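K.L.:
Each chain, letter by letter, is given below.
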Amino acid sequence: DVKVTQSSRYLVKRTGEKVFLECVQDMDHENMFWYRQDPGLGLRLIYFSYDVKMKEKGDIPEGYSVSREKKERFSLILESASTNQTSMYLCASSPKQGLVTEAFFGQGTRLTVV
Amino acid sequence: SQQGEEDPQALSIQEGENATMNCSYKTSINNLQWYRQNSGRGLVHLILIRSNEREKHSGRLRVTLDTSKKSSSLLITASRAADTASYFCATRRDSWGKLQFGAGTQVVVTP
Chain A
1 DVKVTQSSRY
11 LVKRTGEKVF
21 LECVQDMDHE
31 NMFWYRQDPG
41 LGLRLIYFSY
51 DVKMKEKGDI
61 PEGYSVSREK
71 KERFSLILES
81 ASTNQTSMYL
91 CASSPKQGLV
101 TEAFFGQGTR
111 LTVV
Chain B
1001 SQQGEEDPQA
1011 LSIQEGENAT
1021 MNCSYKTSIN
1031 NLQWYRQNSG
1041 RGLVHLILIR
1051 SNEREKHSGR
1061 LRVTLDTSKK
1071 SSSLLITASR
1081 AADTASYFCA
1091 TRRDSWGKLQ
1101 FGAGTQVVVT
1111 P
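Which chain is which? The protein sequence lines are A and B, in order. For the first sequence, the working numbering assigns the number 1 to the initial residue and increments by one for each residue that follows. For the second sequence, the working numbering assigns the number 1001 to the initial residue and increments by one for each residue that follows.
Simulated from the structure, these hints should not be mistaken for laboratory data. None of these values were measured; they are calculated from a predicted model. No incorrect hints appear here.
Stretches of chain B that chain A covers, calculated by requiring three or more beta carbons in the stretch to come under 8 Å of a beta carbon on chain A:
| id | region |
| --- | --- |
| 1 | 1041-1050 |
| 2 | 1096-1109 |
Straight-line C-alpha distance at most 16 Å; calculated EDC-like pairs for lysine to aspartate or glutamate:
| id | chain 1 | residue 1 | chain 2 | residue 2 |
| --- | --- | --- | --- | --- |
| 3 | A | 53 | A | 72 |
| 4 | A | 70 | A | 26 |
| 5 | A | 55 | A | 69 |
| 6 | A | 57 | B | 1094 |
| 7 | B | 1026 | B | 1007 |
| 8 | A | 96 | B | 1094 |
Far from chain B, some chain A residues (derived; all Cβ distances over 10 Å):
| id | residue |
| --- | --- |
| 9 | 13 |
| 10 | 16 |
| 11 | 20 |
| 12 | 26 |
| 13 | 27 |
| 14 | 52 |
| 15 | 68 |
| 16 | 70 |
| 17 | 71 |
| 18 | 75 |
| 19 | 79 |
| 20 | 80 |
| 21 | 86 |
Built from N, CA and C at the ideal position, the CB exists for glycine as well.
The task is simple: from the sequences and hints, build the whole structure.
P.N.:
Below, the structure written as structure tokens:
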């Protein structure tokens, strides 16, 4: 079974903390994504990576950064967590551009910033 | 603006009934995908329909696509309690594979 694994299902962090969300995929996919999901807003793309060390801002990158040092791992970093970053975070991967295929999602990390 | 808006936002049905939800999108597409999300979980891919297809089936799922109206529908036949979930349509935003999701349709199937 193909798998995208997020390091935590639930996280509670304090305002101002630096937060790391980790995502690992075992499908040798080139593309990896971080989305944020909030009620009524659907999924919004935070960052996208199409190769190791390559990244591209999505729709809502402010307050976030990412790291992709290895193909299988894509990390989302909240530099200084704020309460408005309380949300469900979803990591996904897919094969490289041009292929008609689906994205595979992790189980999600529900982050609460207090 | 969102590419891929689902309708209705919420749907409540009884087991055995059919559930239909619709998705509208704004720009031309190569394909459209439907995903399911169980409460508090990640999304799972259900079905992909290409722009040159009008209808596709997978088990109890039936998807239609009308590119002239820029709309798609997902029909779940003979629904079960396990079908309780949120359903999202998604379209590709670019050749890299980024997907644009709508806000989803929340389906509740009661026994």
